Amino acid sequence: MDFTKRLSLSEAVSRFVQDGDSVAMGCAQETLIPFAAGHEMIRRQKKNLTLIGPISDILFDQLVGAGCVAEIRAAWIGNVITGSAYHFRRAVEEKTLRIKDHSNLTLAMALKAGAMGVPFMPTSTALGSDLYRTNPDLKTVSCPFSGVPVTAVAALTPDVAVVHVQRADIFGNSHVWGNLGVTREACLASRHVILTAEEIVDTKVITGDPNRVVVPGFRVSAVVHAPWGGHPSPVPGYYNRDHQAFIDYRNCSKTPEGFRAWRKEWVDPVDDGRTYAEILGKARRESLAIKHRRPSVPVDYGY
Amino acid sequence: MDFTKRLSLSEAVSRFVQDGDSVAMGCAQETLIPFAAGHEMIRRQKKNLTLIGPISDILFDQLVGAGCVAEIRAAWIGNVITGSAYHFRRAVEEKTLRIKDHSNLTLAMALKAGAMGVPFMPTSTALGSDLYRTNPDLKTVSCPFSGVPVTAVAALTPDVAVVHVQRADIFGNSHVWGNLGVTREACLASRHVILTAEEIVDTKVITGDPNRVVVPGFRVSAVVHAPWGGHPSPVPGYYNRDHQAFIDYRNCSKTPEGFRAWRKEWVDPVDDGRTYAEILGKARRESLAIKHRRPSVPVDYGY
Amino acid sequence: MKKKDAFETKTPGYTLPQLMVTAAAREVFDHETVFVGMRLPLLGFLLAKSTHAPHAVGVYELGVVRDTVSPEPILTMGDLPNLSGASWLADTIDMMGLLQKGLVDVSFIGGAQVDRFGNLNTSYIGGFRSPRTRLPGSGGACDLASLAKRHIIVMTHEKRRFKEKVDYITSPGYGEGPGWRERVGLPRGGPCAVITTLGILRFDPDSKEMILVSVHPGVSAETVQSHTGWPLKTARNLAQTPPPTREELTVIRRFDPGGYWTGT
Amino acid sequence: MKKKDAFETKTPGYTLPQLMVTAAAREVFDHETVFVGMRLPLLGFLLAKSTHAPHAVGVYELGVVRDTVSPEPILTMGDLPNLSGASWLADTIDMMGLLQKGLVDVSFIGGAQVDRFGNLNTSYIGGFRSPRTRLPGSGGACDLASLAKRHIIVMTHEKRRFKEKVDYITSPGYGEGPGWRERVGLPRGGPCAVITTLGILRFDPDSKEMILVSVHPGVSAETVQSHTGWPLKTARNLAQTPPPTREELTVIRRFDPGGYWTGT
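Chains as they are written, first to last, in numbering that gives the first Met the number 0: chain L, 0 to 302; chain X, 0 to 302; chain U, 0 to 263; chain S, 0 to 263.
Same shape as in the complex, but just chain L (with noise of 0.2 Å):
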């Protein structure tokens, strides 16, 4: 690998994510929820995208109200610390969206088979339950060998992940840590995938550690260094979460008129060339700062 897949955001989005693609995002659930990219694909105006993922905590629901959403696979679109996702219901309700059911695990597991190369995975769960009726890619089927029923989950393969990483090269090998949820079968099982960085840094940081990396470089289609590109999902070793954005996001998108402040304030200043860092502003960085650093003890690669 000596080319280098460093691209702005702007680029990597207009180049790797295109109306109508399915998208996998906010694979790790709270944490790493890669805001950044999303709001790029508000500004991009993206249309018709399938957006697929465990929980969203905000993300897909400003997608839905910005109009780029056709159709959702999840197991939970919401706002974790203040529950509706306004957008997102009204769209349901309205029918201009389109839903496939899952829970966390027959989501996991849609995304492991297309992360593994199989048409499908079992599991024990979601027997008996309505899923089956608003998600066609779950079917029950007897284990060959003990006759028990199992759910079939039908693989999921993305179009592309947009995975949002503490630190990366630019040839896209990179280390992510923290709770991962989904991430490594979502990288695994798209396209493309979209690395959005805290920091770039040296190959040898990345390959100096190589158990930390949950999705081999020669998969990684872009690379977009995206500092500050996970708020308000906390990012272990960068920021805590911002709770407080979460519940003016709540009180914002109530209504039309409220997203578009919102919008106005958080999302479209970026064309404008300000940084996302700028428009969060010092003391707002600084109160979400790590304040207790807890640094890992090294473990040595050496021969």
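If you are wondering where the hints come from, they were derived from the structure by calculation, not from laboratory data. Check before you lean on any hint, since a few could be wrong.
Heads up, simulated DMTMM-like pairs for lysine to aspartate or glutamate below, C-alpha to C-alpha not over 25 Å straight-line [to be verified]:
{"id": "1", "chain 1": "X", "residue 1": "K203", "chain 2": "U", "residue 2": "E31"}
{"id": "2", "chain 1": "L", "residue 1": "K138", "chain 2": "U", "residue 2": "D166"}
{"id": "3", "chain 1": "L", "residue 1": "K290", "chain 2": "L", "residue 2": "D247"}
{"id": "4", "chain 1": "U", "residue 1": "K164", "chain 2": "L", "residue 2": "D247"}
{"id": "5", "chain 1": "L", "residue 1": "K281", "chain 2": "U", "residue 2": "E31"}
From a predicted model like this one, the values you see are computed outputs, not experimental measurements.
Starting from the known structure of chain L, fit chains X, U and S onto it as the hints suggest.
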């Protein structure tokens, strides 16, 4: 967790490896092979074991030679750099050993099914092969969505997984790095886990980097301090592979007399109170030591 | 920071959410493995760990196992203090593997609608074809209800929520009654208790039907019935939910200092 | 350290294993993803990376992906220099996922017995019920033969090894001929070349039968036939395997300094 799981090697093997048990070992394939624990099984004359592992780089052959084994479920049993495993070969030819033939992928999927708590896993490998004729745990099924045929692999749930790790605390929390093979799956699939560790460290070292944990402490039954416990296989961060030991074993294992001599030199002296490090000797330890240190760059788990 | 739509009902000396968190915590036994859900159960687990269940292990669906309480208060499971010093940070599928293997003793689920057999709906109010209200969905709830050895439901007690038949089964309880879980192939489990804003309900071992076993201080069985959409059975020895002790309140306030989840 | 049972045959200026490693390396194209097998293929990959395929990525079944050559010679894939500075250290199942998804271009397999359709046996000589010889088994070979886009077989050319029908199919080739792989459900692939101690064979695109396309220097087509257990077809334009160049020999000797795998 505030009670210790630390045991001597002898206590751990006596308590958690019973005659007739199925035992997963050598799960990282060529690295981190738990030779110390295997040798203890030889000394304690364990009987009728079923050994489970992807490939076995001479450890399974040693246990077969010592008369401990009734069955093997594996993909490959030999000596990686020299070829055949002579005891294994003789035992199969003389029909004193039962075999279920796996490939690396079918074995990984069998343990993954066991780890996930599902009765089987699908894979596209082995279709049309004769592995089906010597392994009743493989059956062809059709994908309920696409109709394509896949190999269903029945779950494996070993009685115990024996895993050599770099560092562990006394409560069963541990760090493993390097290639992992099926270590994760084997630990999570098994009823008991015995860890042999190069070093016993403070809990804070382990919980200070929870992404390096492959099995949570509450799933571990015993922790054994076993320096050089992976020799002659390589242990990242601790020592290189001792090629000469594999070549010597090849030569010794050709005859029963040779095997007895090998056992007398490498296995039995531990019962007379000699540590394995002493048996190995200072010069050899130094020749295998890590010469080029490659420490990882720490990451931060602060808040 | 106070959650705007937190329960406003108050009882002298403690809030209703504090009472519910305490009741939830008491469902956890020491040494158990607990799959911790969102919101109130987060606090319930922290309370149990800090009092009678110090050896309980917490499993969180986003990929966290921890056997200590977080070093600082958290609002949600993804807050960095909940990751720092964890026993294991891994994949959702690893957490779900523990659950699917039957290694999780107890889990907690919130609900929007529940029926007499403990089936839960958190997806569609008014049917999925033309829903009146779309709710967030399952998350891990369906998995917890399907696969934990037992699960506890925590929810608001209202007639529109306690329905003869739920509009959609997001998370299976006892289905249509005895033998249903076995019939559909669920490997184990079932709801064990429902902790509501009015009382605590459990399930008859034979009929699998919900029974009122405890009312909160100041609540009568009649009030509970009037907020329930089917003729509710009441235990012969109906109890009163014991209020939080001073120690329990101290712990709850330590982990929810702003009263975001439990009020002040 | 020299492997005792390494091939002893010599040709002026290079050894037979060196010729075979060179032939194996030439099967790798630049930018390809290579699933690297045990033994000679390890060197073949290092040679390809160091010469005409600098962008090739190596995948190793024990859980290693690397896009650089190891910083020191290795005897086997688990040697620590092969882990140090890797692109990815992970699980076997992750490596196998790349393979199963069709992301591996080429792989290498050793064989003990092969038939005219490239089916390989590395398990039982003389039938599995009463085997005359038990061999080590599949390892990852069955997976590579099932799932890589193409695979290369590397083996000793002897009549008892090149059999009309193998005693046991460990790793499927083209089975019984055209259409067989599709029929049993294998998603892609098949053997692409057999590099032996005598020459190089490929497979007819229509009949799926092995064809001799190249003989090693000093070997005749007749010699190859006499070591093959069925009437062997020969390509119209039979070639001679080009010997290793000086540069190739230098690289092989750098990575196998003691000549353990390739002699001296």
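These are the hints, each one checked on the structure:
| no. | hint | in the structure |
| --- | --- | --- |
| 1 | X/K203 x U/E31 | 23 Å, holds |
| 2 | L/K138 x U/D166 | 21 Å, holds |
| 3 | L/K290 x L/D247 | 24 Å, holds |
| 4 | U/K164 x L/D247 | 36 Å, violated |
| 5 | L/K281 x U/E31 | 44 Å, violated |
In summary, the structure is inconsistent with hints 4 and 5 from the numbered list given earlier, while agreeing with the others.
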